[in-house]
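Participant: Each chain, written out:
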Amino acid sequence: MRSDFWRRFLENRMAVAGSVVVLALFVVSLFAPWLAPYDPSAIDLEKVLMPPSGDHWLGTDPLGRDVLSRMIWGARISLKVGFVATGIAILIGAVLGAVAGYYGGWTDAVIMRFVDIMLCFPAFFLILAVIAILEPSIWNIMLIIGVTGWMGITRLVRADFISLKERDFVLAARVIGASDLRIIFVHILPNAMASVLVTATLGVAGAILTESALSFLGIGVQPPTPSWGNILTAGKDNIDIAWWLSLYPGLAILVTVLGYNLLGEGLRDALDPRLR
Amino acid sequence: MLSYLGKRLLFMAPMLIGITIICFAVMHLAPGSPTDLQTQMNPRASAEAKERLRALYDLDKPLPQQYWLWVKKLAVLDLGRSFSPDRRPVSDKILERLPITVTLNVLSLLLIVAIAIPIGVLAAVHQDAWFDRATSVFVFIGFAMPTFWLALLLMILFGIHLGWLPISGIRSLNAEYMRPAAAFWDLVRHLILPVLLSAFGGLAGLSRYMRANMLEVIRQDYIMTARAKGLSERTVIYRHALRNALLPVITILGLSIPGLIGGSVIFETIFAIPGMGQLFYMSVMARDYPVVMGILFIGAVLTLLGNLIADVSYALADPRIRVS
Chain A
1 MRSDFWRRFL ENRMAVAGSV VVLALFVVSL FAPWLAPYDP SAIDLEKVLM PPSGDHWLGT
61 DPLGRDVLSR MIWGARISLK VGFVATGIAI LIGAVLGAVA GYYGGWTDAV IMRFVDIMLC
121 FPAFFLILAV IAILEPSIWN IMLIIGVTGW MGITRLVRAD FISLKERDFV LAARVIGASD
181 LRIIFVHILP NAMASVLVTA TLGVAGAILT ESALSFLGIG VQPPTPSWGN ILTAGKDNID
241 IAWWLSLYPG LAILVTVLGY NLLGEGLRDA LDPRLR
Chain B
1 MLSYLGKRLL FMAPMLIGIT IICFAVMHLA PGSPTDLQTQ MNPRASAEAK ERLRALYDLD
61 KPLPQQYWLW VKKLAVLDLG RSFSPDRRPV SDKILERLPI TVTLNVLSLL LIVAIAIPIG
121 VLAAVHQDAW FDRATSVFVF IGFAMPTFWL ALLLMILFGI HLGWLPISGI RSLNAEYMRP
181 AAAFWDLVRH LILPVLLSAF GGLAGLSRYM RANMLEVIRQ DYIMTARAKG LSERTVIYRH
241 ALRNALLPVI TILGLSIPGL IGGSVIFETI FAIPGMGQLF YMSVMARDYP VVMGILFIGA
301 VLTLLGNLIA DVSYALADPR IRVS
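Line by line, the protein sequences are chains A and B. Following my numbering, the numbering of the first sequence begins with 1 at its first residue and continues without gaps. Following my numbering, the numbering of the second sequence begins with 1 at its first residue and continues without gaps.
Since the hints were derived computationally from the structure, they do not count as laboratory data. Just to be clear, a hint being listed does not mean it is correct.
Facing chain A, according to a computed beta carbon distance under 8 Å, are these residues of chain B, among others [stated by the list, open to error]:
no.: 1; residue: Gly18
no.: 2; residue: Phe143
no.: 3; residue: Leu152
no.: 4; residue: Leu153
no.: 5; residue: Thr269
no.: 6; residue: Val292
no.: 7; residue: Ile295
no.: 8; residue: Leu296
no.: 9; residue: Thr303
Anything over 10 Å on all C-beta distances counts as not near chain B; from chain A, calculated [unchecked claim]:
no.: 10; residue: Phe5
no.: 11; residue: Ser19
no.: 12; residue: Asp44
no.: 13; residue: Val48
no.: 14; residue: Ser179
Heads up, the beta-carbon is just placed ideally off N, CA and C, and yes, glycines get one too.
Kindly generate the complete structure, drawing on both the sequences and the hints.
Facilitator: Rendered as structure tokens:
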């Protein structure tokens with residue numbers, strides 16, 4: 001079963017390409033202090049808005065900071081936001097989905113109506129409204145993206161629980177006197193992890209996209225902390241003179257999100273070939 | 001049909017109540033009271049004045065009562081007054097901007113349908129041929145594309161480099177002095193980039209969905225029957241298969257509405273379009289809570305309405321839905 005998974009996964013060239021991108025990003029984030037050629041926040045007013053050159057491969061920003069170095073440190077930020085936000089969403093989604101699917105009845109009805117209502121709000125609106133009230137900071141951004149993005153996971157986990165709770169191993173666990181909590185978290189949830197893993201991978205991509213859009217609008221990660229989105233803000237402000245500020249950070253976002261999406265779809269195909 | 005419509009409307013009521021509860025809860029997430037922001041800038045505001053302000057916004061009453069008072073006002077579309085210096089009613093501020101946002105979104109929706117459906121159908125009919133492969137590459141890139149970045153690139157290319165299209169606002173400064181035809185053309189030129197970009201986000205999803213749908217329909221028995229009767233491939237695909245594959249698209253379009261409305265914040269801000277999205281962004285920046293909450297509520301109600309329209313049109317198109 002396990003070797004089957006790896007064979008199917010490695011046969012899928014797109015999935016492998018996605019994993020390479022994701023791994024490369026991990027390496028870049030981990031070794032950012034050593035990889036970045038310059039201090040990402042070193043201001044050099046003599047080198048303002050320099051186009052890409054041998055010294056500054058991707059040019060400099062309006063404060064003379066090295067764009068490549070800022071992008072390398074920005075990779076760290078997007079990774080952090082992607083994982084923490086998705087982690088929060090999974091935590092909420094898995095618990096609510098498990099409870100709804102396991103208990104059914106009124107509990108289920110209430111939780112699922114709550115999901116329906118949350119889905120009525122344009123996600124971006126809800127995020128912005130909460131930002132208006134809390135300060136935009138990297139921690140608040142992670143929290144907000146997580147708290148507004150758990151509904152899909154809830155539906156998925158609930159569906160898995162509904163089919164899994166009728167199975168014999170759950171009955172067996174109940175017969176030996178396992179508590180509801182134990183059955184939910186020790187016996188059923190691990191069996192529902194496959195679909196959660198896939199959704200989580202795609203969720204990281206979504207969270208990175210959202211963070212970059214928020215930072216671009218100036219209500220996400222705040223300068224001087226570098227993020228791909230807030231470098232693009234400088235790109236928009238200097239749109240007629242500094243194309244490099246607009247081009248490269250966006251390309252980084254595109255490739256990263258593409259990487260996570262390919263990885264996620266590859267995982268889905270390898271975990272459950274019937275879904276192809 | 002009427003009973004179906006009634007049932008759907010009845011189902012909407014609890015949703016609407018839920019929406020108001022969430023809006024109200026978000027509003028009260030604020031540490032301290034929303035009026036602090038108005039008074040903290042003013043050192044001369046006395047404790048008494050702060051109390052008066054709290055009383056004005058009903059903040060001195062217990063939460064359930066506050067909620068009830070707020071909902072009662074909401075029912076007559078009284079969303080309170082803006083915190084901004086103009087102090088205009090929130091509903092006026094939103095209503096004057098709503099038409100632009102709705103127009104942009106409807107245009108984008110039409111564009112999505114006009115492009116994504118032919119792409120999906122062609123990809124399905126020529127499964128695994130070059131067009132299908134190109135489509136799947138496009139779909140993957142479309143899903144991963146930060147559209148605000150694409151907007152920047154297109155602004156650089158068409159606005160600055162080539163100088164073909166304006167990149168800001170919805171009309172030129174001298175539009176008032178243009179003849180009607182010229183003014184209309186001016187408007188169209190301003191709308192090309194925003195509509196194109198706002199549609200881009202939905203294209204990938206719908207073409208992929210349409211392809212999958214079409215592939216599923218083509219495998220059905222009645223398609224084989226149509227082929228066995230000796231109908232031409234054209235008739236089979238475009239008459240028998242397409243009609244049935246198109247039905248569920250109605251629902252998908254309904255589901256894509258919140259994404260479109262949410263995206264309007266980004267595009268209206270980038271292109272300086274005076275719509276509801278831009279107002280929302282400016283109000284978030286200025287912490288104008290009444291406007292933020294008003295738009296949050298209107299956004300959710302628009303989504304609810306969009307879904308209702310989608311469900312009802314589906315029921316009109318497919319009698320099976322009405323019965324079950």
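Participant: With reference to the structure, classify each hint as holding or not holding.
Facilitator: Here is how each hint holds up against the structure:
1. Contact between Gly18/B and chain A, as hinted, is supported at the beta carbon level, the nearest pair being about 4 Å apart and thus within 8 Å.
2. The restraint placing Phe143/B at the interface with chain A holds, with a minimum CB-CB distance near 6 Å, inside the 8 Å limit.
3. A distance limit of 8 Å between C-beta atoms decides the matter here; for Leu152/B the minimum to chain A is near 5 Å, and the interface restraint holds.
4. This hint holds: Leu153/B has a C-beta 7 Å from the nearest C-beta of chain A, less than the 8 Å allowed.
5. With its C-beta approaching chain A no nearer than about 6 Å, Thr269/B sits inside the 8 Å limit, and its interface hint holds.
6. Checking Val292/B against chain A: minimum C-beta separation of about 5 Å stays under 8 Å; hint holds.
7. The restraint placing Ile295/B at the interface with chain A holds, with a minimum CB-CB distance near 7 Å, inside the 8 Å limit.
8. At a threshold of 8 Å, the smallest CB-CB gap from Leu296/B to chain A is about 5 Å, leaving the interface hint in force.
9. Checking Thr303/B against chain A by beta carbon gives a least distance of about 5 Å; that is within 8 Å, so the hint holds.
10. The claim that Phe5/A lies off the interface holds: its Cβ sits roughly 22 Å from the closest Cβ of chain B, which is beyond the 10 Å cut-off.
11. Separation of Ser19/A from chain B is adequate, the least Cβ-Cβ distance of about 15 Å exceeding the 10 Å criterion.
12. Residue placement check: Asp44/A keeps its beta carbon more than 10 Å from all beta carbons of chain B (closest about 25 Å).
13. The non-interface label for Val48/A is consistent with chain B: the shortest C-beta to C-beta separation is roughly 20 Å, beyond 10 Å.
14. The beta carbon of Ser179/A is kept farther than 10 Å from every beta carbon of chain B, the shortest such distance being approximately 32 Å.
Hint compliance for this structure: no hint is broken.
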